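S.K.: The task is simple: from the sequences and hints, build the whole structure.
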Amino acid sequence: MTISAEAPEDAASEAVRKFGITVEDYMLPARHQIQMVGPDGTLNPHTEQGTQPGHEYALPGDEELLAAYEQLVVGRRVNDQNSALVRQGRMAVYPSSHGQEACQVAAALCLSDGDWMFPTYRDSVAVMARGVDPVQTMTLFRGDWHGGYDPAKHKVGIQCTPLTTQLLHGVGVAHAAKLRGEDTVVLAMCGDGATSEGDFHEALNFAAVFHLPVVFFVQNNQYAISVPLAHQSVAPSLAHKAVGYGMAGERVDGNDMVALLAVLGRAVRLAREGSGPLLVEAHTYRMQAHTNADDATRYRQDSEVAQWVAKDPLSRMETYLTDRGLLDDERAAGIAEKAEAVATQLREGLSEEVPVEPQDLFKYVFSTPTPQLKEQSALLADELSREEAAK
Amino acid sequence: MTISAEAPEDAASEAVRKFGITVEDYMLPARHQIQMVGPDGTLNPHTEQGTQPGHEYALPGDEELLAAYEQLVVGRRVNDQNSALVRQGRMAVYPSSHGQEACQVAAALCLSDGDWMFPTYRDSVAVMARGVDPVQTMTLFRGDWHGGYDPAKHKVGIQCTPLTTQLLHGVGVAHAAKLRGEDTVVLAMCGDGATSEGDFHEALNFAAVFHLPVVFFVQNNQYAISVPLAHQSVAPSLAHKAVGYGMAGERVDGNDMVALLAVLGRAVRLAREGSGPLLVEAHTYRMQAHTNADDATRYRQDSEVAQWVAKDPLSRMETYLTDRGLLDDERAAGIAEKAEAVATQLREGLSEEVPVEPQDLFKYVFSTPTPQLKEQSALLADELSREEAAK
Amino acid sequence: MSPTITTSSEANGNVSAATARAAAKAAVVAEQTGPQPITLAKALNTAMADAMHADPSVLVFGEDVGMLGGVFRITDGLTKTFGKDRCFDTPLAESGIVGMAVGMAMNGMRPVIEMQFDAFAYPAFEQIVSHVAKMHNRTKGTVKLPMVIRVPYAGGIGGVEHHCDSSEAYYAHTAGLKVFTPATVADGYRMLREAIDSDDPVMFMEPKKLYWSKDQVDLDALRAEHAENTARGTSSEGRAAVARPGTDATLIAYGPSVPTALAAAAAAAEEGRSLEVIDVRSIVPFDDETVCASVRKTGRAVVIAEAHGFASVASEIVARVQERCFHHLAAPIRRVTGFDVPYPAPKLEHYYLPGVDRILDAVDDLQWED
Amino acid sequence: MSPTITTSSEANGNVSAATARAAAKAAVVAEQTGPQPITLAKALNTAMADAMHADPSVLVFGEDVGMLGGVFRITDGLTKTFGKDRCFDTPLAESGIVGMAVGMAMNGMRPVIEMQFDAFAYPAFEQIVSHVAKMHNRTKGTVKLPMVIRVPYAGGIGGVEHHCDSSEAYYAHTAGLKVFTPATVADGYRMLREAIDSDDPVMFMEPKKLYWSKDQVDLDALRAEHAENTARGTSSEGRAAVARPGTDATLIAYGPSVPTALAAAAAAAEEGRSLEVIDVRSIVPFDDETVCASVRKTGRAVVIAEAHGFASVASEIVARVQERCFHHLAAPIRRVTGFDVPYPAPKLEHYYLPGVDRILDAVDDLQWED
Ligand SMILES: Cc1ncc(C[n+]2csc(CCOP(=O)(O)OP(=O)(O)O)c2C)c(N)n1
Ligand SMILES: Cc1ncc(C[n+]2csc(CCOP(=O)(O)OP(=O)(O)O)c2C)c(N)n1
Ligand SMILES: [Mg+2]
Ligand SMILES: [Mg+2]
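Protein chains in written order, with our numbering: chain B, 1 to 391; chain Z, 1001 to 1391; chain S, 2001 to 2370; chain R, 3001 to 3370.
Any given hint could be a false lead.
Quick list of the computed label-pair ranges, beta carbon to beta carbon [what the hints assert, rightly or not]:
no.	chain 1	residue 1	chain 2	residue 2	range
1	R	G3158	S	S2274	53 to 63 Å
2	R	K3214	Z	E1337	48 to 58 Å
3	S	E2323	Z	T1368	22 to 32 Å
The set of hints was computed from the structure by calculation and includes no laboratory data. As the structure is a prediction and not an experimental result, all values here were calculated from the model. Cβ coordinates follow ideal geometry from the N, Cα and C atoms, glycine included.
M.R.: This is the structure we're talking about:
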């Protein structure tokens, strides 16, 4: 298999042929965001789901929906538990994804075991939903180390802070896998504000030119810290950015678990089948401040936040599943129990004082420490032993 | 006047209202590149000029065409003269725009006196057409200094090498002008390869969000040194990149002087009227190697180059103007004479050995040299005086 | 800060020098007088506000600097006071911010831009090194680039990765950039105003752990000092300060390390050792005179900085002091710097940072004859 | 280079270790033996080819490295030999190149990437400083990042602005990066293979003015040396070399300055002064032992580097040598470096560059008693 700019048939022309649409219709997102279940929890009629030729979506299966709901409940519990732990001083900082849990869960569930995820600082719930141990996930925010899990083992990048730099890592992982003939798909995540960074541009373009199986997933939660979307972009939508890379874009209601599973599921499938990269924008909302250190009242009105309470992804899914007869009290209780178990795990894990090891400073800079690091390490050891002796 | 993301009406919605087109039709380039005069020098019928609703172009006036032709002839002569000077060792390096002269000339002619141009290393002909002294323009390539003219005086940035960094400077100049209520338009130029850089993305987005009068002009000459366009982008065209910024894009035959004047002229007018930034891609060809130091036979076929000879911007314009009766032998001779005069100026200017001043190293680092620079300057002065004494 | 607010039509209109001057005057009058306990944050904020009052071409922009007032609140109130043409949020892109500032400075403005954290200035590195530092030289001075890049830097605040880098060496090594770093509240005001006044670009490194440290400072006196300096064409630019006089050895420090050095000197004094503390203030240009005068006097020196020691500003200080004061030195110059490891996670930063004990150890190592 | 070419289906297919090994063997056989006049460019090219033969996970990419073979032709023929899956052009974006390489290294590859010129690596600065340097540490070593960033650097080639920066200090100051720079043809081969073998990221700084300098080099002997080192787990990594022995003073240089230092030593010898020249080779890690052994012996030292002197690698060398050899020094350590000015235009670079005379002047200044 050759990865080169002259790929036999590109995704766009293939789609043009297959779906009988124009190349622009392939690349442009559907004219409305894809929404399957409305805020009140009822299924939209098929004609009102926002789909159009070339952008059709099937309803996910019942099992998938139930599994997703369980993770939604767990995710919300995780967010609330972590925020509480920060308030109690057990954790330094936590960027909550409260309100964005449907995006978080869909990001994890759309991937297979061999796939990779490249999350941001806000995506702790997605990382846990992907199977990483909750307490390990919190290492970064607890301040013990910069990352608490092995990316290779879990196929999850360390939650990334320098905005959109991780998208390129995702592109590289996909590229390596493709060169070896593996069918790995990479889900590379970022926020709305991050789309303004140069690395966003470079990552999407590299993925498109090398025709790599990367799904770029933008959680547009309307704010980058204090800066509203209107100051980041005047494009009709962030999904429209796909066009500039010859890539397909789609936008989806980011508080509609059902639509997210459908849209991300299809994107991952297309990527795996060789359609090249895709860009998915989810419209959602950051219900809380940027982090606990932020004061959102400085830049937005409570009334705006209130409007989004009505669109909550959890209650919507609960109503939908209950109405469908898929969810009853017993099942709900079981799920709540699981969520509580995770919360307990977090509480207990984070109240344990893990002793830090000063010598870790020098241990991992290189595979083998340089003479300079050995010298510095000895200096610190000497200092600490003298301190110890003085006690 | 407030510059903010919440501009009263953005360009796209204004266009939608005014032209009765969709926002995508506003942002997307016309389906074909705009071409008014074909390779054989005959005017295309209006229906075959590539225009469509919202993207209509008027034929430039006779005087404008003649002035442009004169600059075309001068530009070609400049390119050939400079290449000859490099071969003779009078200049270190020259990135020729041979074949791209129509783009070069249009870039200069579309601007008014108060406007700014931000050119690249390849845009020497545009810089001269804008009025900068030819010999001063060559300072960079001659190796005397990094720039030979005063950007503020000529409203021309120093020809820029770090790709697309200059686009942001153009954005800043436009922003400052707009804040002062001046109606300055900025033409910010780059090549096809350069569109892959992060700064391209950031510049277009800043211009769009702040709604600034910047025309981004991409000369797509099909190559970035050895790398063909297909390895830079798989978008249908580079002009499609406009969509991701909510900006209008257009593509034009870059070897058609007439269409270039029309398209860039309209873009500058729209920008001045407050439409915000626009992106124009000209399809052209780098007829010679990247610079004299490059060997183009390593990566492309002569036959490909030959195809483009037939599309030459000069002969096309000559035929067109002659057929229209605007150009006769006498006028042509006058123009040739002017071109020859510029060539002579270059030859003479560049054969004069300008003595370099070693102390210039220290003079311009800061407005006033630091104590450290004074020390270093004294060191060099001492060294040189000892050398002098030893002679 | 001044309660005087220009009306919104003024603030949003084309800026008029007369209006701005009037506002500045009013602001000075309205301000409380006499020494007050003031934070470094407040001093920096006041410096920007005063500069904006004084000169309509001074603009402030960056990420979250508008409504929010910056994540450290250093630009608090500037949008409200001066309107969003003069203090505004940009899209989230640092190269864009710096590159746009270059263009604005080329076209008559004096941008003062904020990088949100040290490590988030790296995307702008090409613009800083290849343009900000070189434009003046490239154009033989026909283009001046009066811009200030404010960088909250260094650690000690329990920040997660990428929020605590000491990046001053990158800029100090780049020819064409001035690099200032205040260590006191008064210097926060004084030096930021000088940076904004400078016709050359200044990397203004703000020790973020000192943002909330307070000193008794008389802002009016500082304003008067600035006015007097402006009138006389003088300034404190490029000058180091003797932060504490002493006789036995010299501690050379800057930014976040100055209070640590002072604490070490205080501790040493109790043990009967008199340490002089030099606050470098301006890394570029560097004040060889003040630094060397001290070392020639004491004969011993320790250089203290938070950044990794290797190829750092501390290395430079050692190198130039040994070049200039070699025969006055009774012992090798010692460095107490951050280790050559990535800045550690919050629970480990304590072991990384140069602290009082480590400085005193270094002083002890200066081969005393007693 | 080896005329052995894998068939295109092999080259384009999923790379098979067995095939690659067979090809490597064939290549070794087909190569001419014995010392040959070889350029640094050729040595680097051969090192990459041999590494690619030996290990199918070694990939080469960057701007113009494919069909063109790079603007300096260092990757000449690699695409032809190994197919465009293993040596290929990327879109024109340096942050993209480095960022993608990080991901590839995380997923089993060993990318060797080319930055076209020193100043054009700056757009990748954030990726280099915040990820390349930190990934191993961030993950407590669970993620290794075996990648090489090749940077043609420094001047002396009459290049226009942005094509002659000496950027090594930026990387040397960044904890977590190894920084190598060869000065001889043999080291070009030896050190690039070691860099590719390294499980840690290496900034491989290639002195571009030496690309076409030739030495008599036996590639087969170097291959055998490499094979032996690999078998024994040894290497020349992190070691400085005595490029010329001497007794009176030590010249410490690296990369492009080594030939200049050697020329200065030769000139000094004619005047009866014996100078030892140390080729630093590896800036990080730094070989204190070799450097200090020499200075302790000679008692005098001059550090030579093209980069601006301020806060540079040269400053570091001065600082650490005075820390370690203070009582052996008969005179302050002198630096001969580029001035603290932007790298000048071609017609002025001669005045900027540390040359033989400037080095000899510095040696003369070392307070000789005679
Ligand atoms: C390169 C870089 N610049 C600045 C920052 C500081 N910063 C952290 S989060 C953030 C806002 C990001 O907004 P968005 O991408 O919308 O993600 P969200 O926080 O809303 O999930 C900023 C500016 C950073 N982390 N990285
Ligand atoms: C940031 C940066 N990276 C790499 C280079 C080296 N370089 C100079 S020109 C060039 C190709 C540019 O191609 P394009 O943008 O198409 O312009 P053209 O030369 O065709 O006019 C490259 C890679 C550079 N100047 N700047
Ligand atoms: Mg957001
Ligand atoms: Mg090109």
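S.K.: Please test the hint of 48 to 58 Å on the beta carbon pair from K3214(R) and E1337(Z).
M.R.: Given range 48 to 58 Å: holds, Cβ gap about 51 Å.
S.K.: Verify the CB-CB distance for G3158(R) and S2274(S) against the hinted window 53 to 63 Å.
M.R.: With Cβ atoms ~55 Å apart, the hint holds.
S.K.: Within 22 to 32 Å: is that where the Cβ-Cβ distance between E2323(S) and T1368(Z) falls?
M.R.: holds (24 Å)
Consistency with the previously given hints is maintained throughout, with no hint failing.
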